[in-house]
Structure formats: C-alpha cells, structure tokens
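Since the structure of chain A is provided, determine the placement of chains B, C and D on it from the hints.
Quick note, the sequences are listed as chains A, B, C and D, same order. Its first residue numbered 0, the first sequence is counted upward by one per residue in numbering that gives the first Met the number 0. Its first residue numbered 0, the second sequence is counted upward by one per residue in numbering that gives the first Met the number 0. Its first residue numbered 0, the third sequence is counted upward by one per residue in numbering that gives the first Met the number 0. Its first residue numbered 0, the fourth sequence is counted upward by one per residue in numbering that gives the first Met the number 0.
Check the hints yourself; a few may be wrong.
No copy is singled out in the list; a pair is fine if it fits within one copy or between any two copies.
As the list claims (entries may be wrong) - Result set (SDA-like, lysine to any residue): computed pairs, CA atoms no more than 20 Å apart in a straight line:
1. Lys117 / His47
2. Lys117 / Ala51
3. Lys117 / Leu141
4. Lys117 / Phe194
5. Lys117 / Asp87
6. Lys117 / Ile52
7. Lys117 / Arg46
8. Lys117 / Glu45
9. Lys117 / Ser44
10. Lys117 / Leu198
11. Lys117 / Ile127
12. Lys117 / Asp157
13. Lys117 / Ala50
14. Lys117 / Glu159
15. Lys117 / His43
16. Lys117 / Arg144
17. Lys117 / Ala78
18. Lys117 / Ile152
19. Lys117 / Thr37
20. Lys117 / Tyr59
21. Lys117 / Leu60
22. Lys117 / Gln15
23. Lys117 / Gly192
24. Lys117 / Phe184
25. Lys117 / Thr89
No lab work stands behind these hints: they were computed from the structure.
There are 4 protein chains.
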Amino acid sequence: MSEHAQDPRRRTRPIQRLEALSDGVFAVAITLLVLDLTVPATAHSERHLLAAIADQWPGYLGYVVSFSTVGALWLGHNAITDYLDRADTTILRLNLLVLLLISFLPFPTRLVADYVTKSGAERVAVTIYGLTLLISVAVLSLLWRYALHAQLIRPDADDEEVSLLAKRLSPGLGGYLVLVVVGLFVPIVAVVGYFLIALYLLIPLHLIRFVRARLSRPRA
Amino acid sequence: MSEHAQDPRRRTRPIQRLEALSDGVFAVAITLLVLDLTVPATAHSERHLLAAIADQWPGYLGYVVSFSTVGALWLGHNAITDYLDRADTTILRLNLLVLLLISFLPFPTRLVADYVTKSGAERVAVTIYGLTLLISVAVLSLLWRYALHAQLIRPDADDEEVSLLAKRLSPGLGGYLVLVVVGLFVPIVAVVGYFLIALYLLIPLHLIRFVRARLSRPRA
Amino acid sequence: MSEHAQDPRRRTRPIQRLEALSDGVFAVAITLLVLDLTVPATAHSERHLLAAIADQWPGYLGYVVSFSTVGALWLGHNAITDYLDRADTTILRLNLLVLLLISFLPFPTRLVADYVTKSGAERVAVTIYGLTLLISVAVLSLLWRYALHAQLIRPDADDEEVSLLAKRLSPGLGGYLVLVVVGLFVPIVAVVGYFLIALYLLIPLHLIRFVRARLSRPRA
Amino acid sequence: MSEHAQDPRRRTRPIQRLEALSDGVFAVAITLLVLDLTVPATAHSERHLLAAIADQWPGYLGYVVSFSTVGALWLGHNAITDYLDRADTTILRLNLLVLLLISFLPFPTRLVADYVTKSGAERVAVTIYGLTLLISVAVLSLLWRYALHAQLIRPDADDEEVSLLAKRLSPGLGGYLVLVVVGLFVPIVAVVGYFLIALYLLIPLHLIRFVRARLSRPRA
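Chain A extracted, bound-state conformation:
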C-alpha cells in the first residue's frame, strides 16, 4: 500500500478507467436517444411530411432536454474527476451507480415523449423523469462528498475551488427537487423547467457575449 503511493501511474490508472467507462456510458446514452425519433411512415406530400415531423415535437423536446441534462451531468462528473487524485473501490461503485442512472435516462425520456401530450397520464411520466434526474444529481453529489470525506482529492486542490464545486452541484439538486414537486400539480411547467435548466446549462452567457461581439465587429 505504501509502495502504491509512490508509483504515480498505478495511482491514476483506476481513475483513467473510471473516466473511460463513464465517457463510454455517457456517449452511448446520449446517442441512443436518437433511436426514439421515428421517421413518419406514410407522408405522400411535403405538407404531410412537415406536419408529421412537427407533430413529433415532444420527441425532439425530450431529445434536447435529455441530451443537455446528460451533458450537464458530464460537465459535473468531469469537474469532479479533475480533482481526484486516486480512486478506491467505493468511488468506483458509486460511479457505477451514477452510470446506472445515466444509462436508464433514455427510458423516462421515451415515457415523457409518448405521454406529455396525453392529459391523464402525463403527470406520471413527468414525475418519473424528474425523479431520475433528481436521483442522478443526488448520487453525483454524494460521490463528490465521499471523495472529499475519504481524502481522494489532489492535495494541491484550492479550498475555494472545492467548495465552489459543491455549491455548483447543490442548486441543480434544489432545482430538480422543486420541479418534481411542481410537476405533480402542473406537469407541463416542470417539462419547461427541465428544458430551461438544460438550455441554461448548454448555452452559457459567456458564449452569447462572444458571438454578439463577433457579429458587431467583422473580424476578431
């Protein structure tokens, strides 16, 4: 064990495989979502096809919301492993639990896409979706707290940065909790909420400023 600590390659290797498996699951889960977008079967004119595609808006909505959410969870996961100095088997297991939830997400996504327009059952679909997001963020947050507790983070990590990361994970947790409750009463508001969180996470203000600057000046 003492020998272990000396060899940097041995210490970081389990982290590399944790990252590789995670990136694989994130990539597959994110890409499988497209399989649920079905091509309209029998459209004989342009109007019909456009109308049939437009009718599938819940599918596209679910696709974008879930993709963005998985993307945001990946950003959080990324920030965490960036601070990891070594990995013990508990963190590998906790990570598997995170991946179980990520890989499960395509199912509630399909559920919402199929039921969001059917009043009477949309509440069930939206609640299951929200709970999956909530638990995913909760387990990711637990993974980070465990890493801190078990002193698995780099000794040179900035205390400020570390507490900042904890704070960044918490509002997601709070936001999803509120939206799950809201969804019990007004499901569509919760879906819009998940969409707005997703948009906010995917399109940072930083970038908008950059694009605006480029558009006003011809060449940077």
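Chains B, C and D in isolation, oriented as in the chain A frame:
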C-alpha cells in the same frame, strides 16, 4: 524483443487499447440494456400507466441485476489490468472471449425478463442467464491465472494483494455455480440470488457507513 | 488558477475527457447508422433477394454519405483538439453542442433514405438533412474561432497552420450552404452533392496516387 | 513541421484519437450484434422455449463468427497502430474506411443469419458477407502498406517483426478470397470456413496448452 522491453510506452500501449476496447464494450453492453424497457403503449389514465409500468417489474429487475453484474465484472477486470505490466496476444484473445460474453449478456437478460413470470419456461431462461454469468466469471478468472502464469504482472506487485484478487474472483465463481444448480429446481430463488449478489457488489457496506455518519452529523 | 497553469496533467485532462466523450459519440453515431439497414424479409430466390437488396440503395447511399460526413467532421474535430492547450467550460459546452448535432444525424439520414425516392416529400427530407450538416459544420467552426479568441491554443502553434485550419473549415460551410439552397429546387442534386463531398473527404487524392504507384510497380 | 517533430505529445496525439475512435467503433459494432438475437415470443413450455432457442442457431453462429472476425481485425489493427510513430491525414482517412466496413458488418451478419437456412437465396447472403470480410482485411492491409510506404512507423521497429505483420495479414486475405469463391458453389462450406477461421483466431493453441497444463497439475 529486447529493445521492446526498454521502451515503456510500447510495452503499455497494447494494455491501453485492451482497456479502451473493454471499456467500450462494457459501456455499450451496460447501456444497451435500457433498450429492452418498453414504454407501455396505450395507457389512458394515470392508474393505467402506473399499473402498466409496475407490470414491467421483471424488465427493471433484469436491468438492475445485469447492470450490476456487468459493473462487478468491470471492477474485477479493472483490478486485473491494474496489475498487468504488459500484454501478449494470448491475453488479448482471452480478453476478447470475456468481451464476447459481456456483449452477449443483454440477450439472456431479455430472456429472463420475458419468461420469469411464465411458469413452465422460466427454468430454461434462468439457467441460460446463470450459465452466462458463470462462464463470464470463469473466463475472467482464467485470464487472471494466465497473466500470473505468463508473468505478465508488474514485478513490484504485492504477493498478498495478488492472492487476494484471486480469492475475490473465486467466491463469485462458486456463488454463480450454486445458483445455477438451485435455479434448476427453484428458478425464482436463483434470480433473487443473482439480485442479492448484484446489490452486495454495487452498494458496499463502506458507503452505507459513510452515509449514516453524514446523516447523524449535519456537516463533515 | 496560477497553480493550475503549472501542472500540465491538470491542464490537459479536461481535453482528454472532451476527446474521449467526443470519440465515443462519433463512434456510436457512426455505428448506429447500420441499424437502419433492414434485411429484406421474404425473398424466396436469389433474384428476389438481390432485387430486394438493390431496391434499398437509398439506405446504403445514406449510410455511406452520413458515415463519410461524420468521419470528415471527426477529422476537423481532431485537427482542432490537436491545437488545444487547455479547455474552459465554454469550449466543453460548445463541444456538447457539436455532439448533439452529430448524435442527431442518424435521424435525418433515415428521413432521406425513406423519402429520397418519393417525389412530393423528398425536398423536405433533403433540406432537413442538409441543414443538420450545415449547422454541424457551423458550430464546429464556431468552436475553433472561440478557441482562437479565448487563447486556448498551444502557444507554439504555427500561425500559418492555424489560418489553414480556419480555411479548411470554411469551404465545407460554403459548400453545404449552396447545396441546401440547391436542394430546395432539385433535391436529388443536393444528395449527389453531399455524396461527392463525402467521397472527396474520405478518399484523398494522395492515396489514389499511392495505390496507382503500387499497381504499376510490383513491390515498393 | 520541424517544430512538430520535436514535441512528442503533439506527434502521438492523432494516433491516440485514431485508436480511441477505432476502439469505440469496434466496441459498438461488436456489441450491436447481440440486438439481432431475438427472444422467442410465445413459448409456453420448457420444451417449446428450448426448441425455439435451438431453432435460432444461425443467429448464434452469425454472432460468434462476426464477433470473432471483428475481434481478429481488432488484433490486426492493434498490431499496426503499435508500430505507428505518427499519423498523417491519409492514414486517418484510410482508418475511417476500415471503420466503415467494420460498422457495416452487422448488416451482412443479419443477412446470413436470416438466409443461411433458406436454400435458393443463401448464396447471395453468404457472398455479401464474405466480400465484406475480404474488403475489410484488404483495406486493413492497405493501411499497413501505406504506413510503411509513408514512413509513419517507429524508426526503432524491428525489420523482422514488420515483415512478420505483413505476412500475418496476407493469409487472412487469401483465406477469405478462397472462401468467397467456394461460397459461390457451396455456401454452407464458406460459412463453416469463416467459423473455423474465427475459432482459430479467437482460441489460440497457446492457451489450450496452458489450460491442459493446469488441468494435469492441480496448482501452478
């Protein structure tokens, strides 16, 4: 060949690709399982949808059991490659055999999910499932024994740790062997057994202690 | 942050995960395309089977065009990350946007394969396909411009090489824009255009010269 | 370009991404094959289920043959990249062509599985399958020859090893060529031939000797 030994990058590269392909197959196999969870087609009320989702419990059970088992096999695979110093083509081939079994697992998972509730045929499904798990662990164990035999492990590896790993792989082997036999007589007991092994592997006692400690004290 | 700059492993790690997730999504998207090639169901003779397979030419066309286009986008992505020195969260997010578009591509591919032979609706399918390619290249181009603007590229990068890369991304953008417009009037010409761009990107003149040289001389 | 040569990280990075994308495509293609194994729908007794599963033997055969062949191609790919010192865009493109063929393989696999038992059309299916394998090995072989020609291999590579690798790729090429021709006359012999090549590639004599040694002696 002697030159080969001098260059550390050349020596470890085949291990890195072995790990990359394996992590890819593990990630895809683990994530494909979700495709077998189908969204109930025509639920007109909340009750109907909840009932339809609840009716699919064998699907969720199969999902969690198989995910956890693949996860546990990944932990074992991880522990093995952690000790590897170099890879020969035999170990690359043995590893392909492990991956063949891992990638096959979604099929018996679907079989169990479809037949576990149908008395008369559930024994066949459960036995095929169990045999797949048993052979997977057996081949993984063979891979480890071969690595030891062919002296592919790091020279600085602790003898104690090495024999510990061999021991960790063996009870899985024994447990699956017993459950396959039990499944021939009482299939449902074997399924519960696979589930308990999976739960035990995924949720370590270590973590439970940590969560309990966190809950009793407000801040760590 | 200043400490950050000192540690090269910390600086390059986010790039490595960006690359890993991207390679995963590229690999899955590229491979999922094959799922849309269906095996003809009831061919009783060789002639029937050959005819049925030949009838599916739009599927193979879509497969090759989309595979090549994703491949070309990967080449561009590759060239960009090759110059990256560090990654900020904006570039990670922009990259997620690129991946969203890549992972979406199998859907318009199916759309084109299903509708390219049905006059009346093929224009809609081809336009959606072209817009997806156009936006993908535009976002990839934006990512590169942002990386330049935010000074995320290696300080030792050759100015000439850098401006060459910007130029290499631009004609793709222009070509797709022209083809989207052309597709509004003559859809089949746009499809052939996407195919030619794809062929050009996949089979470089360089290689043709090499093969020709090999064929004229018996042994190199 | 001269600067380029100095920085080892820059030189090897494109190879790493080439490997990462390839491992991803190999992993996904290999794992997607399982989706074609369908669970028998309505088996009411053990006998029925066993019979229904046994009836699907062409599916399992196709699964094992294709998995092993992809695995063998991965071994060859692995051996090639092991010698690569740097990557130019031609080799990246040639590699994409290899991946196009690998990712396509699930389609002819399904074709063979569906038609191998239907006399009258099995010849078409088997020939398409064989041609895909043949072209895959041919392109992989071309990639290796190009790497030699363009001097992309490590300067310290052993000449003997290099010519050995070329030889290892050639018999595969010859074997598949013979089997494609044989398949035009006796399709089932070609399938058995592909199966035997696959078995030979996956289960090395080396390992059999090791297992036999273990069985004769109780403990190594």
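*asked:* Tell me the hint numbers this structure goes against, listed in increasing order.
replied: Violated hints (numbers, rising): 3, 5, 10, 12, 14, 16, 17, 18, 22 and 25; every other hint is consistent with the structure.
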